[in-house]
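Each protein sequence line maps, in turn, to chains S and F. Just so we're aligned: 94 in the numbering used here is position 94 of the first sequence, and the numbers increase by one with no gaps anywhere. Just so we're aligned: 178 in the numbering used here is position 64 of the second sequence, and the numbers increase by one with no gaps anywhere.
Treat the hints as calculated values from the structure; they're not laboratory data. Predicted, not measured: the structure shown is a model, and the values here were computed from it. Incorrect hints may have been included.
Think about it this way: if two alpha-carbon atoms lie no more than 27 Å apart in a straight line, the pair counts; the simulated BS3-like pairs of lysine-lysine are [stated by the list, open to error]:
id, chain 1, residue 1, chain 2, residue 2
1, F, 332, S, 111
2, F, 222, S, 73
3, F, 295, F, 365
4, F, 222, S, 70
5, F, 223, F, 143
6, F, 419, S, 70
7, S, 73, S, 13
8, F, 419, F, 222
9, F, 225, S, 13
Incomplete in silico selection of chain S near chain F, CB under 8 Å [as the list claims (entries may be wrong)]:
id, residue
10, 18
11, 26
12, 29
13, 30
14, 37
15, 48
16, 51
17, 62
18, 75
19, 87
20, 92
21, 95
22, 96
23, 98
24, 99
25, 102
Yeah, the Cβ is synthetic: ideal placement off N, Cα and C, and Gly gets one too.
So you can see what is in the structure, the chains are spelled out below.
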Amino acid sequence: MAHAESHTGLIWKVFGFLSLVTVVEVILGINKPESLHLTNFLGTSLLNWIFLILTLVKAYGIAWYFMHLKQEKASFRRAIVWTAVFLICYLATLILIEGNYMGDVLRSYTKWNY
Amino acid sequence: MEATIAAEKSNTGPWTGGGKEPLGSSYGKMMMWFFIISDALTFSGFLAAYGLMRYKFLDSWPIADEVFTHVPFIHGHYPMYYVAFMTFVLIFSSVTMVLAVDAGHQMKKGKVTLYMLFTIIGGLIFLGSQAWEWKNFIGGTYGALELQDGKIVQFVDATGHQIALEEFVIRSNEERVPHTKSNGLWFVNDAAALPPYTVNEVIESFNANPEINLRSEKVDLNVKHKIILSREEATRYLANATSVVKGANLKVNEYGKTLFADFFFFITGFHGFHVFSGIVINIIIFFNVIIGTYERRGHYEMVEKVGLYWHFVDLVWVFVFTFFYLV
Chain S
1 MAHAESHTGL IWKVFGFLSL VTVVEVILGI NKPESLHLTN FLGTSLLNWI
51 FLILTLVKAY GIAWYFMHLK QEKASFRRAI VWTAVFLICY LATLILIEGN
101 YMGDVLRSYT KWNY
Chain F
115 MEATIAAEKS NTGPWTGGGK EPLGSSYGKM MMWFFIISDA LTFSGFLAAY
165 GLMRYKFLDS WPIADEVFTH VPFIHGHYPM YYVAFMTFVL IFSSVTMVLA
215 VDAGHQMKKG KVTLYMLFTI IGGLIFLGSQ AWEWKNFIGG TYGALELQDG
265 KIVQFVDATG HQIALEEFVI RSNEERVPHT KSNGLWFVND AAALPPYTVN
315 EVIESFNANP EINLRSEKVD LNVKHKIILS REEATRYLAN ATSVVKGANL
365 KVNEYGKTLF ADFFFFITGF HGFHVFSGIV INIIIFFNVI IGTYERRGHY
415 EMVEKVGLYW HFVDLVWVFV FTFFYLV
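Make a model of the complete structure from these sequences and hints.
Structure below.
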């Protein structure tokens, strides 16, 4: 049976990277710097965009190196990644736009002065 | 170097064991991937629904930093630290899982066993942490009042920090009679769960403490803080108070919107169930490794397949962590 070469070094490197990203997220999440937190860009704050991008970076690390997508045939990888990315973006975009609209409509009917 | 090792094929009988491998992936692995995609879409649906409600109630959604503030053995306000630890545990168990897969490629049974064991332990620590997080959320921290229309009001001190009901509420001597079935309240079966104080006790104690303020659920979107009411406004709010709330469940939530609690229980519960089933499958594979099933089979592809599932659980957590705790 084939004796594949070990990827232990790479695995630990990816682990270090994922941990680092998590630490950065946690530091930003605790401090919430106002220059990022109190901004608005495409429907949410810049801080939230940073969180989202860092999350996608982590997801990439896990899928590519831990789940070995990198070593799969490109056609198989695309069948998985493109399908999921397309459907999830589509779903999230429509639903969040709708939520925003519902909020706008509802806001004037919500009582805050008693 | 090709990391995926082809499964040994038996060519007896009508089914050839899937000797042809479309897209260079064995049948089992491909089906695991397709399952993962469908599961990923399920989780996306849940998280998107959470996002819908969050945008709908953008100006009154609970602030996660004020909800999840507990760290074991330490009192005080420590947002994020514990959940960061949980994330770290899950990522680490992913690492040991991928190390097990790696050792499997080299047919090192001992190493696979050891790394599988670490993975299972990591999963158990995560589940335990999740249970502890739930316990704190259900038990509550400060306590609050619920108004007639379901809104929550909380109490803050002069510095704007939340204070617990027991720090300022004085119990009066009024007698409290639990609901009983014999009084015709046949639909009430939680007579034992009497809230710690009555609404009147809370309001009287609030009136007696001028340095305490009332905080509404409404978030000032310019500064992203909940609005603290003036004493006059507070009196008008309190006139509408109907019940004392401590902790969170599917019906009330002392931290704000009940929907937040509903989604939290549902999504982290669904994820926790995935972790649980992942641990069970890991244990089965672990014993198969020990008794040498895969050694005889000549390859450790089963470890790889369960590994895919385990990494997926980690992947989902990365998103749950972002959407419940960070964003």
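A quick look at each hint next to the structure:
{"no.": "1", "hint": "F:332 - S:111", "in the structure": "holds (10 Å)"}
{"no.": "2", "hint": "F:222 - S:73", "in the structure": "holds (26 Å)"}
{"no.": "3", "hint": "F:295 - F:365", "in the structure": "holds (21 Å)"}
{"no.": "4", "hint": "F:222 - S:70", "in the structure": "holds (23 Å)"}
{"no.": "5", "hint": "F:223 - F:143", "in the structure": "holds (21 Å)"}
{"no.": "6", "hint": "F:419 - S:70", "in the structure": "holds (16 Å)"}
{"no.": "7", "hint": "S:73 - S:13", "in the structure": "holds (23 Å)"}
{"no.": "8", "hint": "F:419 - F:222", "in the structure": "holds (17 Å)"}
{"no.": "9", "hint": "F:225 - S:13", "in the structure": "holds (20 Å)"}
{"no.": "10", "hint": "18", "in the structure": "holds (5 Å)"}
{"no.": "11", "hint": "26", "in the structure": "holds (4 Å)"}
{"no.": "12", "hint": "29", "in the structure": "holds (5 Å)"}
{"no.": "13", "hint": "30", "in the structure": "holds (5 Å)"}
{"no.": "14", "hint": "37", "in the structure": "holds (6 Å)"}
{"no.": "15", "hint": "48", "in the structure": "holds (5 Å)"}
{"no.": "16", "hint": "51", "in the structure": "holds (5 Å)"}
{"no.": "17", "hint": "62", "in the structure": "holds (5 Å)"}
{"no.": "18", "hint": "75", "in the structure": "holds (5 Å)"}
{"no.": "19", "hint": "87", "in the structure": "holds (6 Å)"}
{"no.": "20", "hint": "92", "in the structure": "holds (5 Å)"}
{"no.": "21", "hint": "95", "in the structure": "holds (4 Å)"}
{"no.": "22", "hint": "96", "in the structure": "holds (5 Å)"}
{"no.": "23", "hint": "98", "in the structure": "holds (6 Å)"}
{"no.": "24", "hint": "99", "in the structure": "holds (3 Å)"}
{"no.": "25", "hint": "102", "in the structure": "holds (4 Å)"}
The structure fails none of the hints (numbered hints given earlier).
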